[in-house]
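> Whenever a hint applies, use it, and build me the whole structure from the sequences.
Chains as they are written, first to last, in our numbering: chain V, 374 to 524; chain W, 347 to 1300.
Worth flagging that the hints you see were computed from the coordinates, not collected in a lab.
Honestly, I wouldn't trust all of these hints.
DSSO-like cross-link-like pairs, simulated, lysine-lysine; straight-line CA separation at most 27 Å [as the list claims (entries may be wrong)]:
(1) W:K742 - W:K679
(2) W:K1096 - V:K497
(3) W:K540 - W:K558
(4) V:K497 - W:K1154
(5) W:K1148 - V:K488
(6) V:K398 - W:K1094
(7) W:K679 - W:K646
(8) W:K1083 - V:K443
(9) W:K1148 - V:K502
(10) V:K488 - W:K1083
(11) W:K1192 - V:K488
(12) V:K480 - W:K1154
(13) V:K494 - W:K1096
(14) V:K494 - W:K1094
(15) V:K494 - W:K1192
(16) W:K1094 - V:K497
(17) V:K494 - W:K1154
(18) W:K1160 - V:K502
(19) V:K494 - W:K1083
(20) V:K517 - W:K1148
(21) W:K1139 - V:K480
(22) V:K444 - W:K1064
(23) W:K1139 - V:K517
(24) V:K494 - W:K1160
(25) V:K502 - W:K1094
(26) W:K1192 - W:K1160
(27) W:K1083 - V:K444
(28) V:K502 - W:K1096
(29) W:K1154 - V:K517
(30) W:K1096 - V:K398
(31) W:K1083 - V:K497
(32) V:K488 - W:K1154
(33) V:K488 - W:K1094
(34) W:K575 - W:K588
(35) V:K398 - W:K1083
(36) W:K1160 - V:K488
(37) W:K1154 - V:K502
(38) W:K1083 - V:K502
(39) V:K480 - W:K1148
If you're wondering where the values come from, they're calculated on a predicted model, not measured in any experiment.
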Amino acid sequence: MLEIPANRYSILLADDDLDDCMFFKDALQELPIATSLAVVNNGVDLMNFLKRDPIHLPHQLFLDLNMPLKKGIECLSEIKHHENLKELPVIIYSTSLNQEVVELLYKNGAQYYIKKPADFKDLKSVINKALLLSKWEEIIQPPKEEFVIQP
Amino acid sequence: MMKPNVHNNNLRFLSGGGETGELILNNDWTNSPLGNIETWPESLCTTLGIMLHSAFPMFLFWGEDLTCFYNDAFRPSLGINGKHPAIGKKGEEVWAEIWDFIGPMINGVMTTANPVWFEDQLVPFYRNGKIEDIYWTFSYSAAYNSDGKANGVVVTCTETTKTVLTKKKLEESERNLRSMIKQAPVSIGIFRGKDYITEMANARALELWGRKEEDVLNKPILEAIPELKEQGIKELLDDVYKNGRMFSAPELPVQIFRNGKMEKAYINFTYEPMYDPEGNIDGIMTVGTEVTDQVAAHKKVEKNEEKLNVVIDASELGTFELDLTSDALVCSKRFKEIFGYDNAKEVNHTFFLSHLLPDDIAVRDKAFLNALKTGILAYQSRIRIDNNSIRWIEVKGKIFYDEDRKPTWMIGTCGDITLEKQNRRDLEESEKKFRLLADSMPQHIWTADTSGNLNYFNQSVFDYSGLTLQQINEGGWIQIVHPDDKEKNIAAWLESIHTGKDFLFEHRFRKYDGTYRWQLSRALSQKDEQGNIDMWVGTSTDIQEQKDFASELEKQVGERTAELIKVNKTLKESEERYHLMVAEVQDYAILYLDRQGIVQNWNIGAEKIKGYKAEEIIGKSFSNFYTDADRKNQLPQKLLKLAEQNARAVQEGWRVKKDGSLFWASVVITAVHNNANEVIGFSKVTHDLTYKKEADDILMEKKIELEQKNSELEKMNKELQSFAYISSHDLQEPLRKIQTFASRIIEKEKDNLSESGIDLFSRMQRSAERMQALIDDLLAYSRTHTLERDFEKVNMNDIIQKVILDLKEEIQQKDATIHTKKTCELNIIPFQFQQLFYNLISNSLKFSKPGITLILTINSEYEKGENFKNEGLIDELNYCHISVEDNGIGFEPQYAQRIFELFQRLHGKEQYAGTGIGLAIVKKIVDNHDGIITASGEPGKGARFDIFIPVMKG
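As structure tokens, this is what we get:
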């Protein structure tokens, strides 16, 4: 099973695309922040992981939308309605950028939105921004204009 | 009586002691505290000796136990069945019931030796079998023993019960007397002494005097009622007091101050002297009755009599009194005058009778005989007086009888009524004339009293009705009124009687032969000087002929009118039929149905369409033309009902021909009404529309086919849309990864790659980027087809600002300036307009002239269509005109249309990146909003886009 090392800034990624998971992992490693990463590949696994040990939650969750078994948006809604999980910062990590979907996610309590960039440099940039913003600013939700993180 | 047997000298005190002495002797004293009689002390014996020999009732309580002794004189006081014999018994035992009273008294006498004395004291005790109320006069005194100490009490007493009771009775009788006086219905007062001190005055007296008891009692009456002094009352009293003469006066008027004023009272009273036992006058008693009311009453009678005399005088009546036993006559002056004599003439009864005309003597005698029976005399007769003139007199009288009902005398009056008689005769004559006049009138004349009762009818009424006056009076005048007129007649008559308005009424009277004739009756009220209605005078005139004439006229008019109506009706009916028949008779079946839908007539058109001949179908129901299913649904009946309600029923449907084949019929059923607006039947017009129906059916099939195609198209469209969606998502994904992998390789393997390898990778990356742009644009374009049209009212500048924010980096990079001037609010699909501005602005940014600051001007305002020279705009409509103008590279005017075409590009890919979709999207969005977009440009100067969106209400 996945474990979250207690002493590092812990990140959980939920994404079924293994390529994207690799890109994410590579990008994290190249960032100057010491983090630990755990990965789940579908929504059901994600919810089980979170509910198994709600005390030791990751510091951040990067959530893909288009996942098998349980879609990302369902997971978000479940997390935000769970007494012990609702404080967890959720950063949407998606291929598409549909304005209406973005609105809906913001309304449902996602913290930031990342459109998976094509360029690896951009990928590193947005992940870095997401980590910094989330970690240092300690905010649940930014203003709507800053919701989508640009590279 | 036995004498006590006294042997012992010591017991001598008992000898001659009577019954009680013997009782003492024979009593067994052995066990008593006094011991044997022989041992009794001298003092006791002495006391008993005195007592027993006294004829006065005495009683002794002796010694410690107060032992009782009494003598024979006392004995009766103890009665029968009482305390006797009580000798030798203890005082307390004998007098137990009154010991509370006498015990302390005896004790007191014993200790103080002071005697006690009572008079008529009530001491009830037990005797004669009951407790009796007994009155005593008695004294208690001490009895002493030999050493001078009080050792007993001697009671000397007399029973005074009888005396006391007698005295009480006396007092009571006096009280009764006094109260009798007090309550006597006459006033009684007693004055004592020469000052006439009021000793007593009863309530009546006080009431008469107008004083209260305390005002007069024990006071001299003349001081208590001072007003009497001046009225000679003192003199009256003095006379009675001094001379002992009783004074009595009826109806003496006395002025008395009472009820707060001086009043005059009439009193019947007497003063009577009162004597003391010695026979001297020591007081006066007055007994009186107030008769003020009675006096007032006969004063009134006297006055009335006076008045009567005045009246008699004024009426010039002579009065007389005739003594029926002696025939003596007393008569007044006027009486004599009537007969032509002066007052001095001595007259008697027979003298007067001699003046009667011989013809009238019988009248007088009859009246007199009658008067003796009834007590009332009344007659009128003529007298001849001395100057030979004849006069009428009227005599009235009343007879008075004695106890045996024997007539004794008569009083009466006599009046001269000559003038009246004359007047009456004149009146009668005039009335006779009037009657003659009235009876000779052909009209009916009648009169009525103020309450409406008819009391006179002229001869014409009797002649006409054949009734006698009696018959009319008995059956009422209403009997000759026609039964149908009676009620209204009575009502109208009563109305006139109540209001006093003239009566005017037309009614029929029954003639003697039983026929009725119309009469016009009028009645006018006759009023007296004060304007009050005195009577009614009415006439009834025969108006039968006028009536006949009027009704004949009416009848003729009625007949004419009926004729006219009939003609009219026929005309109307024929007209309606004509109308229905003539209209397009060739191609239409025109039938007339009765109310039940039975065919009444049949035309050629009907025969042609339905196949029946007239004789085959007339008289049958029109439901024969309907299919079984329609008949089952009662369509024929429903259509008739509809026609009845709405005047018309229109329907298209299959109908059945005679041969059973169907035809498509257009049917109009019209309700036909009579003059009273009642439905009397229906016209039915049927048109064969089978050929039209067939054409319609083909059209319908085509329509369905089209709809099918349409929905197929829609389906295809949807598929296309989902293709677009898939391309955006699923195609982008690998594409993005290609780019990412490429960027990873370039980054990580830079050193391992040759220059040309790096270049190739870059080209690969750019190709992938272009492909991604293409996909994004295609997606955007496809989204403009979306059927969801969420229109919202939005301000243009708000959208533009959002787009500027999105394009912030590009704008900075190109150092571009965007001016927004006027703005509009428009009802649009917001995300599409965002896309529109995004595309236009990025287009300008892309085609900016290198080295020159890009200036973009966006303006939007409302204007009427007629203000633009554009064929596509409607003049009257309001438009929002949006213009976007830049100073970029521009374009050749010839391309103004083409630039909106899909994938149309004016420049090489290497020169300006782009997919050629952006402006096509803009055009599509403008189309979606029913607007128009035009482009104009000049190479090297700039480009301008004009968008016109119609302003929709709401």
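> Taking 27 Å as the top limit, are the C-alpha atoms of W:K1148 and V:K502 close enough?
The hint holds at about 23 Å.
> Do the alpha carbons of V:K444 and W:K1064 lie within 27 Å of each other, as the hint requires?
holds, 24 Å
> Taking 27 Å as the top limit, are the C-alpha atoms of V:K480 and W:K1148 close enough?
holds, 19 Å
> Verify the proposed pairing of W:K1083 with V:K502, using a straight-line Cα cut of 27 Å.
Given that 27 Å is the threshold and the Cα spacing comes to 21 Å, the pair holds.
> Quick one, are W:K1083 and V:K497 close enough, alpha carbons at most 27 Å?
Holds, at roughly 15 Å.
> Do the alpha carbons of V:K488 and W:K1083 lie within 27 Å of each other, as the hint requires?
Holds, at about 13 Å.
> Regarding the pair V:K494 and W:K1154, is the alpha-carbon distance no greater than 27 Å?
At roughly 21 Å apart (the allowed maximum being 27 Å), W:K1154 and V:K494 satisfy the hint.
> Would the pair W:K1154 and V:K517 pass a check requiring their Cα atoms to be no farther apart than 27 Å?
Since the Cα atoms of W:K1154 and V:K517 sit roughly 17 Å apart, the hinted pair holds (cutoff 27 Å).
> For the pair we were handed, W:K1160 and V:K502, check the Cα-Cα distance against 27 Å.
holds, 26 Å
> Measure nothing beyond the straight line between the CA atoms of V:K480 and W:K1154; if it is 27 Å or shorter, mark the hint as holding.
holds, 25 Å
> Taken at face value, is the distance from the CA of V:K497 to the CA of W:K1096 at most 27 Å?
Measuring from Cα to Cα gives roughly 18 Å; hence the hint holds.
> Take a quick look at whether V:K494 and W:K1094 sit within 27 Å of each other, Cα to Cα.
Cα-Cα ~11 Å, so holds.
The structure agrees with every numbered hint stated previously.
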